[in-house]
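Asks: Just so you know, our numbering puts the end of the sequence shown at 573, numbered straight through with nothing missing.
Just so you know, the hints here were simulated from the structure itself, not pulled from any lab data.
Any given hint could be a false lead.
[Unchecked claim] The calculated lysine-lysine pairs, modelled on DSBU-like cross-linking and capped at a C-alpha distance of 35 Å, are:
{"id": "1", "residue 1": "250", "residue 2": "57"}
{"id": "2", "residue 1": "250", "residue 2": "218"}
{"id": "3", "residue 1": "218", "residue 2": "140"}
[Claimed, not checked] Computed Cβ-Cβ distance ranges for the label pairs, DEER-style:
{"id": "4", "residue 1": "166", "residue 2": "367", "range": "45 to 53 Å"}
{"id": "5", "residue 1": "568", "residue 2": "460", "range": "47 to 55 Å"}
{"id": "6", "residue 1": "495", "residue 2": "366", "range": "47 to 55 Å"}
{"id": "7", "residue 1": "568", "residue 2": "454", "range": "24 to 32 Å"}
Glycine included, each C-beta is placed from N, C-alpha and C at the ideal position.
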Amino acid sequence: MSFTPPLKDLALSMRAAGFDAALGEALDWETVQQVLEAAGDFMAGELAPLNRVGDQKGARFENGQVIAAPGFAQAYRHFVEAGWNSLSAAPEHGGQGLPKTLELAVFEMAHAANMAFTLCPMLTQAAVEAVAAFGDERQKTVFLPRLVSGEWPGAMVLTEPQAGSDLAAVSARAEPDGEGGYRLTGQKIFITWGDHDAADNIVHLVLARLPDAPPGVKGISLFLTSKFHVDAAGGLGARNDFRAGSIEHKLGIHGSPTCVMLYEGAQAELVGRAGEGLAQMFVMMNAARLQVGVQGVAIAERAYQQALAFSLERRQGRAVWSQDYPAALFDHPDVRRTLVLMKAKTEAARGICLACGVAADLGHAGDEAAQARQALLTPIAKAWSTDVGVEVASWGVQVHGGMGFIEETGAAQHYRDARIAPIYEGTNGIQAIDLVGRKVAGDQGAAAFALIEEMAAVAGDLADHHALAGPAGRLADAVEALRAATEWVIANRGPEALSAASAYLRLFGDTAGGWMLLKAAALAGDGDAWASSKTTLAGLYADQVLTGAAGLARAVASGAGGLEGLTPEALGA
Numbered sequence: 001m002s003f004t005p006p007l008k009d010l011a012l013s014m015r016a017a018g019f020d021a022a023l024g025e026a027l028d029w030e031t032v033q034q035v036l037e038a039a040g041d042f043m044a045g046e047l048a049p050l051n052r053v054g055d056q057k058g059a060r061f062e063n064g065q066v067i068a069a070p071g072f073a074q075a076y077r078h079f080v081e082a083g084w085n086s087l088s089a090a091p092e093h094g095g096q097g098l099p100k101t102l103e104l105a106v107f108e109m110a111h112a113a114n115m116a117f118t119l120c121p122m123l124t125q126a127a128v129e130a131v132a133a134f135g136d137e138r139q140k141t142v143f144l145p146r147l148v149s150g151e152w153p154g155a156m157v158l159t160e161p162q163a164g165s166d167l168a169a170v171s172a173r174a175e176p177d178g179e180g181g182y183r184l185t186g187q188k189i190f191i192t193w194g195d196h197d198a199a200d201n202i203v204h205l206v207l208a209r210l211p212d213a214p215p216g217v218k219g220i221s222l223f224l225t226s227k228f229h230v231d232a233a234g235g236l237g238a239r240n241d242f243r244a245g246s247i248e249h250k251l252g253i254h255g256s257p258t259c260v261m262l263y264e265g266a267q268a269e270l271v272g273r274a275g276e277g278l279a280q281m282f283v284m285m286n287a288a289r290l291q292v293g294v295q296g297v298a299i300a301e302r303a304y305q306q307a308l309a310f311s312l313e314r315r316q317g318r319a320v321w322s323q324d325y326p327a328a329l330f331d332h333p334d335v336r337r338t339l340v341l342m343k344a345k346t347e348a349a350r351g352i353c354l355a356c357g358v359a360a361d362l363g364h365a366g367d368e369a370a371q372a373r374q375a376l377l378t379p380i381a382k383a384w385s386t387d388v389g390v391e392v393a394s395w396g397v398q399v400h401g402g403m404g405f406i407e408e409t410g411a412a413q414h415y416r417d418a419r420i421a422p423i424y425e426g427t428n429g430i431q432a433i434d435l436v437g438r439k440v441a442g443d444q445g446a447a448a449f450a451l452i453e454e455m456a457a458v459a460g461d462l463a464d465h466h467a468l469a470g471p472a473g474r475l476a477d478a479v480e481a482l483r484a485a486t487e488w489v490i491a492n493r494g495p496e497a498l499s500a501a502s503a504y505l506r507l508f509g510d511t512a513g514g515w516m517l518l519k520a521a522a523l524a525g526d527g528d529a530w531a532s533s534k535t536t537l538a539g540l541y542a543d544q545v546l547t548g549a550a551g552l553a554r555a556v557a558s559g560a561g562g563l564e565g566l567t568p569e570a571l572g573a
């Protein structure tokens, strides 16, 4: 159950994603390497040993209090003291001002070491972005520096029993208190790290309705409230009027307390302007969506490492290559193929997420094309990477065989933990709808076609490469399939495109993943076994994933395929 930080792989993926363009004048690769190494040491030494503890012991709800899993509170204090919470935040708010891409690489290692733990600082990052973008001077002075440092973690408070993905149904109320503030009343569910004892205070960003708010999403506003009242100097006062009613019993991420929160006239402040809560929420949500994509990469990396180690230890059967008996599982062709595909998909997803991070960094500097690239890649990074996380974790169980189905080996935990990521922060079906409806059709495919041309150029540049010509040809074919599917999506809006959305997102992710693997392989060269393995990864991925692009393009073009006329009774209801 140990974790080895994939430092060389991370650095190569960052380069392939174009991180050189985001370094800036104040940062160099030597410093980046130092940050990655220090982060790897911390995550492997401090967080990874608690991963199994969190799964087995979990967070507890006792006497109305939420108690973090054993060791988590101390680890959180150490995490904050080491500065890992403040990497990309602006220096004027106490942050280190480092690129978002570097923060994503650091958080990948944190998620891989302990996903349940890292959900807490991950959601704090989302709160930081919302308060920095929309908060007033008091909120930026009093709350933002403490969110940035991690002294006070943040929680996103959106979901209600009747309002999951459909936030238009939010019914929590915010009543003016006559003194310039508000009183929140209502119930929220599925609030990750909504309450715990790992910090002195917790800041909640809550969607609620004012008394005169219109129905639907236009009536939603965003409010800031905290577990304890806070004075103008940041001092803590009496307990505020909200509490956890219970915590959920979940399939995985047991170390992360998922709370039912009860607001009983809690004192709160409006964030930004009334009625603009949905737009403000999307700032938090998009930050979280990219981080969730990184979770998919992280859990895949952790599952792959464990499966590889087991395949080298477990001996079964005769090896067809060496004739050894009993042979390590690794020496059986299908097991080795599975492991290589696990690693290839993990590195492909890593590249997509980091490319989105690079676009975020360049977009933050004012590059409008990069802003469009970030918007396009965010749903792909979130959905495709989390699907990869589940797929690779499932393959990890398979490599273990029957031992993988036994909890003692730990392989099952990765699968259970991974399964939430395609669901939260907008299900992957919603990500696909967002991709075809807003990100592709919204600008008539401008951002999508720009990326398609860039991927085609890489395939063309490597067409004569001595080792990568074959994979480059597969990429070229996949790019053309994606181009045709993109044209179809733009021409067939409405139910047809929505029915094809998930197939289209998978096609886009498969193709972009191959693009990133080819770029990484070309950069790595063939100087040693590690470098040469990148060519093998790109080749197997091209043969077993990119060759499916034409079929996915046909699936996209099938549209609704008769779905509209089906009745529940026809399906056995």
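Asks: Could you run down the list of hints and mark each one as holding or not?
Replies: Comparing the hints with the structure gives:
no. : hint                  : result
1   : 250 x 57              : holds, 13 Å
2   : 250 x 218             : holds, 33 Å
3   : 218 x 140             : holds, 25 Å
4   : 166 x 367: 45 to 53 Å : violated, 34 Å
5   : 568 x 460: 47 to 55 Å : holds, 49 Å
6   : 495 x 366: 47 to 55 Å : violated, 38 Å
7   : 568 x 454: 24 to 32 Å : violated, 45 Å
In summary, the structure is inconsistent with hints 4, 6, 7 from the numbered list given earlier, while agreeing with the others.
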